[in-house]
Amino acid sequence: MVSGSIPVLGEFGFDFFVGTAWNPVEGREIFSALPYVMGTLVTSGIALLIGVPLSLGIAIFLVEMSPKFLRVPIGYLVELLAAVPSVIYGLWGLFVFRFWIIDYIEIPLSTYFGWLPIFSGSPFGLDLLTAGAILGIMIIPTVASLSKEVISAVPNSIREGAYSIGATKWEVIRHWVISYGRSGIFGAVILGLGRAVGETMAVAMVIGNATGPAAMPTSLFQTGQTMASLIANGFLEATGPLEVSAYVGVGLILLLISLFINVGAHLMITRVFKVKGGAIE
Amino acid sequence: MNTKYVIFAILAIVVLVGSIAAYVYLSQPAESNAPVSITGSGASFPYPLLDKIITDYTNNVKPNVQVNYQAIGSGGGISDLKNKNNDFAGSDAPLTASEIEAAPNVLHIPETIGAVTIPYNLPGVSSGLKLTGQVIADVFEGKITNWNDPAIQNLNPDITLPSQTIITVHRSDGSGTTFVFTGYLVDSSSSWSSSVGQGKSVAWPAGGIGSNGNTGVATSIITTPYSIGYVELAYALENQMTVAAIKNPAGNYIMPTLESTTAAAQAGAASGLPTGDESWTNVDLINTETDEAYPIVSFSYLLAYKELNVISGMTQEKATALVQFLWYVIHDGQQFAAELEYAPLPSNVVQLNEVTIKSITFDGQTLPTT
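Residue numbers (the numbering used here), protein chains in the order written: chain A, 1 to 281; chain B, 1001 to 1370.
Simulated from the structure, these hints should not be mistaken for lab results. Certain hints may be false.
[Stated by the list, open to error] Which bits of chain A does chain B cover? Going by a derived footprint, with three or more residues having C-beta under 8 Å, they are:
1. 24-32
2. 203-209
3. 235-244
[To be verified] FRET-style restraints, in silico, Cβ to Cβ:
4. Ser1163(B) / Trp115(A): 46 to 54 Å
5. Ser1271(B) / Arg28(A): 48 to 56 Å
6. Ser152(A) / Asn1083(B): 34 to 42 Å
7. Ile1100(B) / Phe260(A): 57 to 65 Å
8. Gln1153(B) / Leu41(A): 39 to 47 Å
9. Leu41(A) / Asn1068(B): 52 to 60 Å
Here the structure is a predicted model, which means the values were calculated and not measured. Glycine included, each C-beta is placed from N, C-alpha and C at the ideal position.
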């Protein structure tokens, strides 16, 4: 991949990372990756904002509050979300979810908060917000089931100790359980982020696939593009050697970002399992 | 313990069924003589038509020939042809000068005709929108942003146009449809020509929604009010989309139909086409000068080497099968075009193709076409 991206880096140098133009027309070629890096960061950020609180809620409910007979079926249901192929999420997003977002979220937001730059533009549902929300749902199984494991791994003696000094259930969860498992939960979140960053199909179907300066995120109600969706959209029919190289270059950036995220997550998770073994931080 | 036995039983059944199926499958071809297999790859636009022709040809005409066509996109087909990985390629655009250099002596055989329609979604306007190339170019260039812009209103005095922002929809994947559409815009607008140009994907100045494939664009337009885009004729007809009538050089507003598409090809061919072994780079059927021709039309091509012995593994028998198949595509195969919403080739293009196909050789010898 490094050698494949040499032509585009040689041609545009640093501009490949900081420019916004993307023009594959023969004789006018210019390629820059920044809008898609930003698109990836924005959609993944929205995904975490939506997905993490939901997932943590599910995990805490399952471990700490749920009656026994609900624990297994709900756990299965959450894990079932992971079994749904991403193209199905994309189709559902395109034909169902998109219209909920338009009617219940985007139109109210745009009516009352349209003066804020991030809510400007006309809401039509194929945008950064929809893509981020779909990703938020897609990372729930990853984050929820890992956090569930982490929270279950918190020794009961910790809870009993906390109760014995008079803590309420909520205090126990917040101050002892969550903080005991925080690095593990953080690892789960990072793994969810890894999934959001790399997700291709579902994003390409709902993000609106802008290219060039139009893909630079300024409003949530604006079409965008992530690195993964850009490659999925354009690579197969890329014509000139420079265009092919540009896609490989974007792929290289994506690979580096995903690697960074996943290595971080594994370090975090290994750490929590050591704690579980009895060692104290 | 029990689950172990169940798994074993399932495995045993799978293996048994599999081997029976394999036996039945393998013992079948024994009845006919060894089949000749031809492989093609390329454009997805003609795939439904080619698939129908291939099914008919291999079932009813030449049962001992197998034809495989993989719809991997024009670019993939051409690169397969360059690397001699296929026997013929399908492409929505003619070879460019640099492609001809990389794959010399390739013949162009137009096998069907495509038209690009301009569908729109205007609540309250169910039909009758008229547009010109200049206006379409201005919309996609972001110069016209509102539906009730005077430029659109003047073309449509009978329609009350809403004061709504125009949402443009374009292909997000590289595509022959985009190539034809942007070719039309280059031809119609000097400003589009100088600032954007023609390509399988371009830098869209107006932004807008990008969707994957003809189906994706069609879906986005149907589900997004106040949008406009471009899709292949067959998809627009199948989905019964509301499409605009476009002004042709004769000054008539023409709806895209199979007839107005064939008329454009007929006029294009009458005004002179290259022979099959010449360069087709500059051939297009855009804005042909006939009263009833739709202006956004193009050929879809099958590409094959003039001398087939350059492909490794090519035999006399296989070369003959390929030539006969191509001959069938441009003659009897055309009968399936209309039912699948493809425009059939006009007779003058068929005649041109006959000369081209007859010129194909293997080891310097011409091959029988029937």
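Starting from the hint list further up, note which numbers the structure goes against and sort them upward. Violated: hints 4, 5, 6, 7, 9.
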